[in-house]
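Asker: One letter stands for each residue in the lines below.
2 protein chains.
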Amino acid sequence: MKVEVLAVGTELLLGQIVNSNAAEIGRRLAEAGLDHFHQGVVGDNRKRVADAIRLAASRADALVVTGGIGPTQDDLTREAICEAAGVAMVFDEGYAEHLRGMWAARGREMPASNLRQAEHPAGAVLFENPRGTAPGVQVRVGDAWVFALPGVPQEMLPMLERHVIPFLVAEAGGETGVVVSRVVRTWGDPESKVAEALADLYEESVNPTVAFLASSGEIKVRLTARAADETEAAALLDPLVSEVTARLGSRVFAVDGDPIEAIVLDTARSRGWTMATAESATGGMIAAALTSVPGASDTFVGGIVAYGTAVKAEMLGVDPGLMASEGVVSEATALAMAEGAAARLGADVVIAVTGSAGPEPQEQPPGTMVVAVRTPEGARARTQRMPGDRERARTLTTTAGLHLARLAMSGDWWGTR
Amino acid sequence: MKVEVLAVGTELLLGQIVNSNAAEIGRRLAEAGLDHFHQGVVGDNRKRVADAIRLAASRADALVVTGGIGPTQDDLTREAICEAAGVAMVFDEGYAEHLRGMWAARGREMPASNLRQAEHPAGAVLFENPRGTAPGVQVRVGDAWVFALPGVPQEMLPMLERHVIPFLVAEAGGETGVVVSRVVRTWGDPESKVAEALADLYEESVNPTVAFLASSGEIKVRLTARAADETEAAALLDPLVSEVTARLGSRVFAVDGDPIEAIVLDTARSRGWTMATAESATGGMIAAALTSVPGASDTFVGGIVAYGTAVKAEMLGVDPGLMASEGVVSEATALAMAEGAAARLGADVVIAVTGSAGPEPQEQPPGTMVVAVRTPEGARARTQRMPGDRERARTLTTTAGLHLARLAMSGDWWGTR
Numbered sequence: 001m002k003v004e005v006l007a008v009g010t011e012l013l014l015g016q017i018v019n020s021n022a023a024e025i026g027r028r029l030a031e032a033g034l035d036h037f038h039q040g041v042v043g044d045n046r047k048r049v050a051d052a053i054r055l056a057a058s059r060a061d062a063l064v065v066t067g068g069i070g071p072t073q074d075d076l077t078r079e080a081i082c083e084a085a086g087v088a089m090v091f092d093e094g095y096a097e098h099l100r101g102m103w104a105a106r107g108r109e110m111p112a113s114n115l116r117q118a119e120h121p122a123g124a125v126l127f128e129n130p131r132g133t134a135p136g137v138q139v140r141v142g143d144a145w146v147f148a149l150p151g152v153p154q155e156m157l158p159m160l161e162r163h164v165i166p167f168l169v170a171e172a173g174g175e176t177g178v179v180v181s182r183v184v185r186t187w188g189d190p191e192s193k194v195a196e197a198l199a200d201l202y203e204e205s206v207n208p209t210v211a212f213l214a215s216s217g218e219i220k221v222r223l224t225a226r227a228a229d230e231t232e233a234a235a236l237l238d239p240l241v242s243e244v245t246a247r248l249g250s251r252v253f254a255v256d257g258d259p260i261e262a263i264v265l266d267t268a269r270s271r272g273w274t275m276a277t278a279e280s281a282t283g284g285m286i287a288a289a290l291t292s293v294p295g296a297s298d299t300f301v302g303g304i305v306a307y308g309t310a311v312k313a314e315m316l317g318v319d320p321g322l323m324a325s326e327g328v329v330s331e332a333t334a335l336a337m338a339e340g341a342a343a344r345l346g347a348d349v350v351i352a353v354t355g356s357a358g359p360e361p362q363e364q365p366p367g368t369m370v371v372a373v374r375t376p377e378g379a380r381a382r383t384q385r386m387p388g389d390r391e392r393a394r395t396l397t398t399t400a401g402l403h404l405a406r407l408a409m410s411g412d413w414w415g416t417r
Numbered sequence: 001m002k003v004e005v006l007a008v009g010t011e012l013l014l015g016q017i018v019n020s021n022a023a024e025i026g027r028r029l030a031e032a033g034l035d036h037f038h039q040g041v042v043g044d045n046r047k048r049v050a051d052a053i054r055l056a057a058s059r060a061d062a063l064v065v066t067g068g069i070g071p072t073q074d075d076l077t078r079e080a081i082c083e084a085a086g087v088a089m090v091f092d093e094g095y096a097e098h099l100r101g102m103w104a105a106r107g108r109e110m111p112a113s114n115l116r117q118a119e120h121p122a123g124a125v126l127f128e129n130p131r132g133t134a135p136g137v138q139v140r141v142g143d144a145w146v147f148a149l150p151g152v153p154q155e156m157l158p159m160l161e162r163h164v165i166p167f168l169v170a171e172a173g174g175e176t177g178v179v180v181s182r183v184v185r186t187w188g189d190p191e192s193k194v195a196e197a198l199a200d201l202y203e204e205s206v207n208p209t210v211a212f213l214a215s216s217g218e219i220k221v222r223l224t225a226r227a228a229d230e231t232e233a234a235a236l237l238d239p240l241v242s243e244v245t246a247r248l249g250s251r252v253f254a255v256d257g258d259p260i261e262a263i264v265l266d267t268a269r270s271r272g273w274t275m276a277t278a279e280s281a282t283g284g285m286i287a288a289a290l291t292s293v294p295g296a297s298d299t300f301v302g303g304i305v306a307y308g309t310a311v312k313a314e315m316l317g318v319d320p321g322l323m324a325s326e327g328v329v330s331e332a333t334a335l336a337m338a339e340g341a342a343a344r345l346g347a348d349v350v351i352a353v354t355g356s357a358g359p360e361p362q363e364q365p366p367g368t369m370v371v372a373v374r375t376p377e378g379a380r381a382r383t384q385r386m387p388g389d390r391e392r393a394r395t396l397t398t399t400a401g402l403h404l405a406r407l408a409m410s411g412d413w414w415g416t417r
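Chains Z and B, in that order, give the protein sequences. Here the first sequence stands for residues 1 to 417, where the numbers follow our numbering. Here the second sequence stands for residues 1 to 417, where the numbers follow our numbering.
In isolation and in its complexed conformation, chain Z is listed as follows (with noise of 0.2 angstroms):
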């Protein structure tokens, strides 16, 4: 059972919304195990959204279309499909009642145009709207399912849960099944490097399938597999998140999971540790992660923003004899600055930041980052070369200090391996 999505919209062509339908419905499907090879988006134009309608009928089973069923004179997706299917327009007086029941309960007359909703294609089967005026459309068009389905997401949800995705599951018969997602994450390596150690999983994969992602630094391993149930998608997919476990080694931090914001303040919770921080090129970004997560006032007590040298002299106790002769972006004032913080805030554990974000040099080539962390256990410094500019820099800076937070409090030093 081959699906499709069309979105009709020259909002949507023109950028002035996402479109997030199209996510949403691909989530379902793939939830439901139904195939799903093609999403597709065209503007307010009878004759596209019509051709567009054919081409995903002849090459699919299905087609899911979002947008342009509504009362206004752009509203051209029953147009189209009529087109598409050959049939022609019909006006349903039961549902023209319908819909001035519908304005009637809210004390008001309902404007004509909305009798535009009244119509439908020939043949057509119509979900009702509990959330808005336009009804959703069911209609065959050549060999395949066409649905059509209002843009407004709270209007579209309900009917592709309650219609759509229970016909197309019941059509496809004992063919669908399940599909389930494991995320392996890592931290540490270059994306280049995860998929090398598992390039030969990568191309024998065809169930569970193995893709790669990329993001603020962290790299994940996604495994998908299509099975009868929850059960037998399990069984596919344990030994898989086992051996790509096992072959990533350290770098794994997590399968499934919290953020590494909320994993930090975990461990440190765990070891009944305290935690601040203490930045400069980040400006305060490590701070906002770890305070995004509900609960971090029991274990996050605050930070310094140290971005001036005198702000890391005065708030920080860095002897400005150590940042005149070491450099104020260097391991010697990351630590001093971790330490600093500890003792001034009365931390356990503090991550310290220093480095040039660019686009200027200060000191350093820009995107140099030192990043230092303190524990009650020890503390080190890591001095790196971060790619692109002062945003990415300074996103994936935030990163690194919260797993090389991670892998202090577990005593697992980096660089002592």
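Derived from the structure by calculation, the hints contain no laboratory data. There are no misleading hints in this set.
Some chain Z residues judged to face chain B by a derived CB distance under 7 angstroms, without partners named:
1. Ser20
2. Gly26
3. Gln39
4. Gly40
5. Ala195
6. Gly284
Computed list of chain B residues with no C-beta within reach of chain Z, every gap over 12 angstroms:
7. Phe167
8. Ala235
9. Ala332
Ideal placement from N, C-alpha and C gives every residue a C-beta, glycine not left out.
Please arrange chain B on chain Z, whose structure you already have, making use of the hints.
Answerer: Below, chain B without anything else, positioned relative to chain Z:
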């Protein structure tokens, strides 16, 4: 000049990420006056990518493909272009040398698989990637130009702006006109109130069109004109910009221009003032925003993230008795935090925040946020109940803090009008 957009990536079909690239590209094509009627998404499957490229090349003059050009085995866009164009893959020793140099500059050895990025379809033009390792590719497929860009938005956008759009505009010759947008940016009124004030302009709008966009608490009014050239577009837009600006009055803080954090730093700089932050509920987000601006260090000295109550007392000198009697989440505490940061950090202007970000209440209901601003000319605090979840409340408060500082530095103390 008809341009299509194709995104490659199974993660898009599975709904694991939303296709924001298509919206961004669509927006920029519209601004450049280029026709854009179709967008598509296909998964990481060479045959389907090649088929989609052939289809687009048959009905459009140009195709922008995003994704699938990274170093891993599931990056198949280059192979699919070769298949669609009927050309061979060639290895570019010059680009390979460039890649080795990039890795060497970061002091790391390049994984061999990265050399895939030095392969490209025969006859292609390559675009350098200043923020990553995958070059962009421009190649002829049939009668159409095909551009393959990275899927990572931060890498894709610079190539789009520097290479693709200028090339297409030149290629289109006199055929296009221009589509020019001006954005009137406001803060302080909800979207519905801004829209009400402009209702008649919106109803009448054909060219220029009027649209409303809400982002992080700012409401933007986008006015878009289609015209033969920039001069004609300006003649259409200027009177409308004046009318909109006059109606929205003091809520307007800029037409186009820099983000609010840059405006705030410029305002402080123009008065010869330095800035600092004292944040509890926003946890460093205001400091992170200010330090995202290149050159912030001449004005922003630093900040205290005073998350725990003890840190508010010790690092900012807020009287514990005051916090006990007035509340930690109170205007008195916010003002004391601002004065404390000014004294300890030696700054002229301080933005201070205390609040209950949620989801658990802290003294006050979740979403209760207090912002104080202190300048050499005075100090004032404001309490607001922010809608939405924890991250939304923190984001809206970050924006509010920056705008209240902008107003205060301009002598426009809120609540005194």
